[in-house]
Amino acid sequence: MLPLSPAYFAFAGITILLCWIVYRWPSARLVVLLAANFVFLARFAWFYPIILLAAASSDFLIGLGLQAMSRNRRRPRLALVTLSLLINVGLLAASKLLPLAIGELGRWVFPLSLSFYCFQSLTYTIDLYRGTKEGTRSYISHLTAATLFTVVVAGPINRISDLLQQLRRPLGLDRTQAARAFLLISSGLMKKMLIADYLGDNVVNRIFDTPTLYSGAEVLIGVYAYALQIYFDFSGYTDIAMGVSLLLGLNVPENFNRPYQSVSIPDFWKRWHITFSNWLRDYLYSSLPNAYRWKGAPYFYPIIVFLIGGLWHGIGWTFVVWGLLHGIGLSITRLFQLTRNKFLGKPKPNRAWHYVSIFCTFQFVCLTWVYFRAPDLKTAQAVLQRIGSGTWTLDNISHPMVYVLLVGILAHAIPAKWFDKTVNFFATMPAVLQMALQGAALAGAVLLIEFLSGRGAAGFVYGNF
Amino acid sequence: MPDQTKFPLNALGGLAVFAAIMVGVHFATGGQKGMDTGAALQPILQFPQGRSAWLPIVPADPPPAPEALNLPHPPVGHFSGSLAAMLAANPQASTDYLDDAHGALDHFYAALQAEDQGHSNAQVRIVHYGDSPTTADLITGDARQILQSRFGNGGPGFLLIARPWAWYGHNGVDLSGDGWTIDTAVGSMRVARYGLGGAIFTGSTGAVSRIKLQNADTTVVELQYLAQPNGGTVEVVADGSSAGQVQTAGADGESSAASVNIPPGTKELQLRVTSGTVKLFGIALGREGRGLTYDSIGLNGASTTVMSRAFDEANFAGALQHRRADLVIINYGTNESTFLNYVNTQYEGELRRAIARVRAALPQASILVMSPMDRGIRGGGNAIGTYPAIPVIVQIQKRVAQDTGCGFFNTYEAMGGEGTMARWYDAHPSMVAADLIHPSPKGARIVAQALTSQLLIGYERYAQTHPLR
Numbered sequence: 001m002l003p004l005s006p007a008y009f010a011f012a013g014i015t016i017l018l019c020w021i022v023y024r025w026p027s028a029r030l031v032v033l034l035a036a037n038f039v040f041l042a043r044f045a046w047f048y049p050i051i052l053l054a055a056a057s058s059d060f061l062i063g064l065g066l067q068a069m070s071r072n073r074r075r076p077r078l079a080l081v082t083l084s085l086l087i088n089v090g091l092l093a094a095s096k097l098l099p100l101a102i103g104e105l106g107r108w109v110f111p112l113s114l115s116f117y118c119f120q121s122l123t124y125t126i127d128l129y130r131g132t133k134e135g136t137r138s139y140i141s142h143l144t145a146a147t148l149f150t151v152v153v154a155g156p157i158n159r160i161s162d163l164l165q166q167l168r169r170p171l172g173l174d175r176t177q178a179a180r181a182f183l184l185i186s187s188g189l190m191k192k193m194l195i196a197d198y199l200g201d202n203v204v205n206r207i208f209d210t211p212t213l214y215s216g217a218e219v220l221i222g223v224y225a226y227a228l229q230i231y232f233d234f235s236g237y238t239d240i241a242m243g244v245s246l247l248l249g250l251n252v253p254e255n256f257n258r259p260y261q262s263v264s265i266p267d268f269w270k271r272w273h274i275t276f277s278n279w280l281r282d283y284l285y286s287s288l289p290n291a292y293r294w295k296g297a298p299y300f301y302p303i304i305v306f307l308i309g310g311l312w313h314g315i316g317w318t319f320v321v322w323g324l325l326h327g328i329g330l331s332i333t334r335l336f337q338l339t340r341n342k343f344l345g346k347p348k349p350n351r352a353w354h355y356v357s358i359f360c361t362f363q364f365v366c367l368t369w370v371y372f373r374a375p376d377l378k379t380a381q382a383v384l385q386r387i388g389s390g391t392w393t394l395d396n397i398s399h400p401m402v403y404v405l406l407v408g409i410l411a412h413a414i415p416a417k418w419f420d421k422t423v424n425f426f427a428t429m430p431a432v433l434q435m436a437l438q439g440a441a442l443a444g445a446v447l448l449i450e451f452l453s454g455r456g457a458a459g460f461v462y463g464n465f
Numbered sequence: 466m467p468d469q470t471k472f473p474l475n476a477l478g479g480l481a482v483f484a485a486i487m488v489g490v491h492f493a494t495g496g497q498k499g500m501d502t503g504a505a506l507q508p509i510l511q512f513p514q515g516r517s518a519w520l521p522i523v524p525a526d527p528p529p530a531p532e533a534l535n536l537p538h539p540p541v542g543h544f545s546g547s548l549a550a551m552l553a554a555n556p557q558a559s560t561d562y563l564d565d566a567h568g569a570l571d572h573f574y575a576a577l578q579a580e581d582q583g584h585s586n587a588q589v590r591i592v593h594y595g596d597s598p599t600t601a602d603l604i605t606g607d608a609r610q611i612l613q614s615r616f617g618n619g620g621p622g623f624l625l626i627a628r629p630w631a632w633y634g635h636n637g638v639d640l641s642g643d644g645w646t647i648d649t650a651v652g653s654m655r656v657a658r659y660g661l662g663g664a665i666f667t668g669s670t671g672a673v674s675r676i677k678l679q680n681a682d683t684t685v686v687e688l689q690y691l692a693q694p695n696g697g698t699v700e701v702v703a704d705g706s707s708a709g710q711v712q713t714a715g716a717d718g719e720s721s722a723a724s725v726n727i728p729p730g731t732k733e734l735q736l737r738v739t740s741g742t743v744k745l746f747g748i749a750l751g752r753e754g755r756g757l758t759y760d761s762i763g764l765n766g767a768s769t770t771v772m773s774r775a776f777d778e779a780n781f782a783g784a785l786q787h788r789r790a791d792l793v794i795i796n797y798g799t800n801e802s803t804f805l806n807y808v809n810t811q812y813e814g815e816l817r818r819a820i821a822r823v824r825a826a827l828p829q830a831s832i833l834v835m836s837p838m839d840r841g842i843r844g845g846g847n848a849i850g851t852y853p854a855i856p857v858i859v860q861i862q863k864r865v866a867q868d869t870g871c872g873f874f875n876t877y878e879a880m881g882g883e884g885t886m887a888r889w890y891d892a893h894p895s896m897v898a899a900d901l902i903h904p905s906p907k908g909a910r911i912v913a914q915a916l917t918s919q920l921l922i923g924y925e926r927y928a929q930t931h932p933l934r
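Line by line, the protein sequences are chains A and B.
If you count by our numbering, then the first sequence holds residues 1 to 465, one letter each, in order.
If you count by our numbering, then the second sequence holds residues 466 to 934, one letter each, in order.
Okay, chain A solo, but in the shape it has when bound (with noise of 0.2 Å):
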């Protein structure tokens, strides 16, 4: 029952209708959201509503400890957070390394990723041993809060002081957020399953799958295409999950910002899966010794950070490839940053430079996906040597594809206050049209899909993460 299909949709339909009859009480809206995680986890095994449920039990108690003793406490405090950090580290190792070691990785799959549900949980022990954060003593919110079904697919990556706070008020839903959350299902839906699936479909897989049967400058179109299929798959899945919860009665934070529009890797990072690259800033670059404090931490630590930002993908030489790749281009960027300041002073805006710097950091950025979506590293190699073999028929490339293509800049380039003023153009009409309109547009999405598409979706890229 994977985000997308209309076992999903009936069920967080369901979901939403039983949170919405008991709006005014809080307590009973946690029941029914914590009923349905369970339910939604049971759907992948067994074994993921009580191992899940069993580790966020752990982070509660330990979270009951970190509230009960002072922060001179500091030995005890630092026990019970590594006692965490092991859990779910443990558990998040686990889910990678386990099928490795039974046998051959691709024999075995974990039906649902930990990823997303570790360093969320994590955020909540940390929270509370760093004193930045506020903790709960009701179990049922922390347990509800942990184990969301809205984001535990993959993500956005929630602060679980942050849910725990929303839950504790009655649900409240006025007329610009159920506007807001009905446009980002409507445009999650067209995001993930008219580009993104389509172009997967019938480019990136292709020229990913037999490189060599392809035209340098096919293979880079598919390189570029693979970059718009992971951003509108991922924003798409994003803006379903922030539209579903939303109506929920939960805000859960935005997770891009048109990110191919970065003039730098630090720049991307501020713009790409912004709750895991704020995650990987807050969590781990911070608890490094001395990270604000050393002089070459900011140029060495995010090789590191990014290190094991790779391997939190997957185990595998790509990952581990495209992790130093960027870890590596965030401290190059820092050092010419500093050197340049130093010696030529920092530079004044200038419109040429700006669009030269989208380019560069766009094609860097590119290079890396290579690593990203190749299955290995010899069929990376092969991408790359394809694109540099100066061979530039574009027989394979359809007018279809290019119109796709066209239509994923396009829609990548559109500014974030046009969402807004759509959201309020439908608030500010009369409510009875208001209500038409936008149960009428996200019908209208679903039949252009079945219409355009006909089949049904593809697998979200990081369910698999």
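In short, the hints are calculated from the structure, not lab data.
Please note: incorrect hints may appear among the correct ones.
Claimed, not checked - Capping the alpha-carbon separation at 20 Å, the derived lysine to aspartate or glutamate pairs in EDC-like fashion look like this: (1) K498(B) to E450(A); (2) K732(B) to D682(B); (3) K471(B) to D174(A); (4) K421(A) to D174(A); (5) K732(B) to E778(B); (6) K677(B) to E733(B); (7) K907(B) to D891(B); (8) K677(B) to D639(B); (9) K907(B) to D376(A); (10) K863(B) to E813(B); (11) K907(B) to D201(A); (12) K744(B) to D648(B).
Using the hints, position chain B against chain A.
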């Protein structure tokens, strides 16, 4: 925030409108589109069953390994030692997926035997007609490599002049072309002369094809063309030096061919139109001496109708006779599977007609009907199943092959039967593309191994009962 604790009536209204439209469309389209509430609600409480439902990880159900896939890899070398030994040890080794009860493949096996024992200087030629996987030389490329490693490399085989279809390719060859007007049997779906490869390339002075030969294993280039009264000239350039010219002038509408020798070790060929206008079918890349060639003739989006209707009968027969094929493989069915009604009413007639055309052209040659692979379709709850028409097509092909004295290879069953593409799609790495039709290189290799191992068992059996005099 006055709205914050009110019942979200507005959102409820939106959901109600959405549901009403979707249910309405469902009924209006006879269940084809819109929301099937029953199908959407039913899977919600379908919890996993059995012992594995309690485990964190589950085996990714590798495709079942039928006997055909458990065979040792076809041996490299000139004698079939390991297969012969395997057959001696296990005389019951089956050809469950290859139906050759009445010696339909004997001509092909005899050619292999003569080749194997050095009794013939002729090459063994296989011509494989198929649809999009064949277009990309998937399956055929692996089958070629396996069989050539056993019976000798006769060269890359037949190749089109440029890439007319998306994904057209040929293992070991990098092809590109400029300045050609391309007409394909699938594209036009009208009766015309398409030569051996199902396409005709019209080019005037300046049109060029570039062919990079990764293995540098070609010594003879045969240009196949349509002669015209004012036909132009094509120059064959090998590694930058002219190797010869072919004049395409001749009686109007006559299929012709001319060979040009190129130096051993040539890595790059060019075909340049140096004067006039030419109409080319393709080139056959070969080498002198014995060996096996395996022509991959993939027509993207093709169905049996292309062979039974669109190919001009006389021209097609002439092309097959000129190629002197020992085995013609007819491997269509995937594209027909979308149309169940057509399959039930018309498909069999088209298949019989296609076979009859090949039989008329090459009465002695063996014909092998190769069934389509499994084809996946997403159904309720996003589950992947098998296209309903695929098993129907397989049964029709099997029956028709028996009736017409053809061999039959059951690709569908050899790869695991119903639901194979679901298992292949879920495998890590996936063995089929997301369209649930096109196999990955790994999946294609499995099918090629299944085909070639069954053919080789059949051949070893033949060789044991037909010693060469």
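Each hint tested on the structure:
no.: 1; hint: K498(B) to E450(A); in the structure: holds (7 Å)
no.: 2; hint: K732(B) to D682(B); in the structure: holds (8 Å)
no.: 3; hint: K471(B) to D174(A); in the structure: holds (8 Å)
no.: 4; hint: K421(A) to D174(A); in the structure: holds (16 Å)
no.: 5; hint: K732(B) to E778(B); in the structure: violated (36 Å)
no.: 6; hint: K677(B) to E733(B); in the structure: holds (4 Å)
no.: 7; hint: K907(B) to D891(B); in the structure: holds (14 Å)
no.: 8; hint: K677(B) to D639(B); in the structure: holds (5 Å)
no.: 9; hint: K907(B) to D376(A); in the structure: holds (13 Å)
no.: 10; hint: K863(B) to E813(B); in the structure: holds (11 Å)
no.: 11; hint: K907(B) to D201(A); in the structure: holds (18 Å)
no.: 12; hint: K744(B) to D648(B); in the structure: holds (10 Å)
Violation of the numbered hints given earlier is confined to hint 5; every other hint is satisfied by the structure.
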